[in-house]
Amino acid sequence: MHAIAVEGVWKYYGDYPALRDISFTTAPGTCLALIGRNGAGKTTLLRTIAGFSRPMKGKIEILGRQPRETATRRDIGFIGHGIALYDELSAIENLMLYARLYGIPDPRRRALEWLEKTGLERVRDGLVREFSRGMRQRLAVARAFLHEPSVLLLDEPFTALDDRAIAVLQRLLREAGSKSRTIVLSTHQLREALELATHVALLNRGRVAFHGECTAEMAADPGFVYARYGEG
Amino acid sequence: MATIATPEVTASPVRHAGSGASALRQVFVIVAKDLRAELRTKEAVNAALAFAIMILVLFSFAFDPAADETKMFAGGLLWIVFAFAGTLVLNRSFARELPNDCLDALIAAPISGAMLFLGKALASYVLVMAVELVALPVFGIFYYVRWYDHFWQMMLVLALGTWAITVVGTVFSALTVNIRLREVMLPMLTYPMLVPALMASMQLTADLVNGKQIWGPDFIWMKVLISFDILYTAASLALVEIVLVG
Numbered sequence: 001m002h003a004i005a006v007e008g009v010w011k012y013y014g015d016y017p018a019l020r021d022i023s024f025t026t027a028p029g030t031c032l033a034l035i036g037r038n039g040a041g042k043t044t045l046l047r048t049i050a051g052f053s054r055p056m057k058g059k060i061e062i063l064g065r066q067p068r069e070t071a072t073r074r075d076i077g078f079i080g081h082g083i084a085l086y087d088e089l090s091a092i093e094n095l096m097l098y099a100r101l102y103g104i105p106d107p108r109r110r111a112l113e114w115l116e117k118t119g120l121e122r123v124r125d126g127l128v129r130e131f132s133r134g135m136r137q138r139l140a141v142a143r144a145f146l147h148e149p150s151v152l153l154l155d156e157p158f159t160a161l162d163d164r165a166i167a168v169l170q171r172l173l174r175e176a177g178s179k180s181r182t183i184v185l186s187t188h189q190l191r192e193a194l195e196l197a198t199h200v201a202l203l204n205r206g207r208v209a210f211h212g213e214c215t216a217e218m219a220a221d222p223g224f225v226y227a228r229y230g231e232g
Numbered sequence: 001m002a003t004i005a006t007p008e009v010t011a012s013p014v015r016h017a018g019s020g021a022s023a024l025r026q027v028f029v030i031v032a033k034d035l036r037a038e039l040r041t042k043e044a045v046n047a048a049l050a051f052a053i054m055i056l057v058l059f060s061f062a063f064d065p066a067a068d069e070t071k072m073f074a075g076g077l078l079w080i081v082f083a084f085a086g087t088l089v090l091n092r093s094f095a096r097e098l099p100n101d102c103l104d105a106l107i108a109a110p111i112s113g114a115m116l117f118l119g120k121a122l123a124s125y126v127l128v129m130a131v132e133l134v135a136l137p138v139f140g141i142f143y144y145v146r147w148y149d150h151f152w153q154m155m156l157v158l159a160l161g162t163w164a165i166t167v168v169g170t171v172f173s174a175l176t177v178n179i180r181l182r183e184v185m186l187p188m189l190t191y192p193m194l195v196p197a198l199m200a201s202m203q204l205t206a207d208l209v210n211g212k213q214i215w216g217p218d219f220i221w222m223k224v225l226i227s228f229d230i231l232y233t234a235a236s237l238a239l240v241e242i243v244l245v246g
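In order, the protein sequence lines correspond to chains L and Y. According to the numbering used here, the residues represented by the first sequence are 1 to 232, in order. According to the numbering used here, the residues represented by the second sequence are 1 to 246, in order.
Rather than coming from a laboratory, the hints here were simulated on the basis of the structure. Hints are not guaranteed to be accurate.
[Said to hold, decoys possible] Here are a few chain L residues that sit away from chain Y, every Cβ distance over 12 Å (derived from the structure):
1. D15
2. R191
3. R228
[Stated by the list, open to error] Quick list of the computed label-pair ranges, beta carbon to beta carbon:
4. Y:L58 x L:W10: 54 to 62 Å
5. L:D15 x Y:I242: 39 to 47 Å
6. L:E121 x Y:R25: 40 to 48 Å
7. L:D221 x Y:N46: 30 to 38 Å
8. Y:P192 x L:D15: 44 to 52 Å
9. L:E116 x Y:I226: 47 to 55 Å
10. L:R109 x Y:A47: 37 to 45 Å
11. Y:L58 x L:G126: 41 to 49 Å
12. Y:A235 x L:E121: 41 to 49 Å
Beta carbons are placed, not taken as given, at the ideal position from N, Cα and C, and that holds for glycine.
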C-alpha cells in the first residue's frame, strides 16, 4: 500500500487549472520535497492531499483511504502558512485542545512532553499572543507532531523560522523519517529540504515536471533540478 | 505514474482512547475552547450586550412604555434586539478561527463537520443566551413588562427562539467566513431565513407579556418554532461539511 497515491488530479480556481493531471505515489518512509516556482501549485496540491478541498477530477488516497475519512485525518499532520494556534489560549491549552480532538489519552502529559521537546516547557502557561515569532513557530511544530502522524504534510515549513526552530524541525523530521513516517514538504529553501529529502517532485504550472529520487547532484547543487527539469 | 519503492506501511503509533475521542467529547472540547477564548477577550459579548441594552433604553424613550400599544409590540421589539445582538456574537463564531489559520487545523482534525458545527453553535448559544438573560430584566424595567409571570414558558420561548437564531447564524457564519464583507453578508443572509422563527418568537413573547399562556390559541406558533429548530438543525448538520470543505 502506498502512503500517498495521487491519480489524475485536476483542480481549478475559476477557469484557471491550478493542478493539471497530477499523478504520483509515495512509499511509507519517503521524504518528498515538493518544489516549484511561486504559483506552481504546491500549496494547492498539499491542501488537496490534506483534504481541505476536493479535487475536481482524479482521486487521492492516503494509506489506502480517502483524505476526508476520520481515520485518515488521525494519520495526517499538517503545517500550513499559519501556525494554527489560538492567541488567547496558553501554550499548554493549545496543545491539550488538539490532543483532545485527536483522542490522545492523557492529553496533559502528551502536551507537556511536546513542550519539552520544542524547548517551551518554561512558558507553558504563557498566552500565545505574548510569544515571540520563533516560539510560536516551535509551538506550531509541536501541534503538528503531537499526535504522531504517519503522514506529515508541510507547506513551506522552514519559511521565516529562526535558527532554533529550524534545528528543532529538522531533528523532528529526521526522527520521523527514521520511524518510516512519510513526509511531503513544499519549499523554496532547497538546501534545508534536500538535506532531508529522499525524493523530489518539481511542479511547473500545475504539472509534475519531474519526480524521482533525490540524487547526490541535487543535494550538492540545489538549483540542479530547476536547471535540468524546470521551465528554463 | 512515478512510483517509489517501499518499506512497510506503518499505522500511526499513537494509541487512541478506544476509537478516538467520542463525538460528544469533541463537541464539548470545541464549546470549552470557544467559551474560554471569548471569556478572555469578551469582544463579542461586550459588543452584543452594549448594543442590546442601548437599543432597549433608547426605544423606551421613543415610545410611551405605559401604553397598552407598547405591550402589543414589546415582543417584537425584544426579538429584533435579540436577533441583532445575536448576530454580533455569531459573526465571531467561525471568524474566531481565521487568525493564524486555525480553521485549517480544525478541518484537518478528526472531528466531523457536524460535530464542529454543533460545538460552535452551542458555544454561541451560551453567549447569546447570556446576553439575553441580562437584557430581559432591563426590558422589564424600561417597558413596565411583567415578563416573569409565566417564567418557565418565557424561558422555553427564549431557549427555542435563541436556538433558531444560533443555528442559522452559525451555518452562515461558516459559509461567509472567508468572505471579505462577512460582517455585512451574515445579517443579509441570516435575517430572511429567520423570519418564521422570529415571527413565532415575537407572537409567543407578546402573548406572555400580555398575561396569556402559550398553550392557548397561539400554540401553533410554538409548533412553528419547534419545527423550525428541528428542520434547520438537521439541515445544518447534514450540509456543514460541504460548506466547510466544498
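Status of the hints after comparison with the structure:
At roughly 17 Å from the closest C-beta of chain Y, the C-beta of D15 (chain L) stays outside 12 Å, upholding its exclusion from the interface. With 12 Å as the threshold on Cβ separation, the claim that R191 (chain L) sits away from chain Y holds: the shortest Cβ distance comes to roughly 22 Å. Chain Y leaves R228 (chain L) outside its interface by the beta-carbon criterion, the shortest separation being 16 Å against a cut-off of 12 Å. At roughly 56 Å, the beta carbons of L58 (chain Y) and W10 (chain L) sit within the given window of 54 to 62 Å.
Taking 39 to 47 Å as the suggested C-beta distance range, the pair D15 (chain L) and I242 (chain Y) does not conform, at roughly 22 Å. About 27 Å separates the C-beta atoms of E121 (chain L) and R25 (chain Y), a value inconsistent with the hinted range of 40 to 48 Å. Taking 30 to 38 Å as the suggested C-beta distance range, the pair D221 (chain L) and N46 (chain Y) does not conform, at roughly 58 Å. Between P192 (chain Y) and D15 (chain L), the C-beta spacing of about 31 Å breaks the proposed range 44 to 52 Å.
The beta-carbon spacing between E116 (chain L) and I226 (chain Y), approximately 52 Å, falls within the hinted interval of 47 to 55 Å. The hinted window of 37 to 45 Å between R109 (chain L) and A47 (chain Y) holds, with their beta carbons roughly 39 Å apart. Take L58 (chain Y) and G126 (chain L): their Cβ atoms lie about 42 Å apart, and the range 41 to 49 Å holds. The beta-carbon spacing between A235 (chain Y) and E121 (chain L), approximately 46 Å, falls within the hinted interval of 41 to 49 Å.
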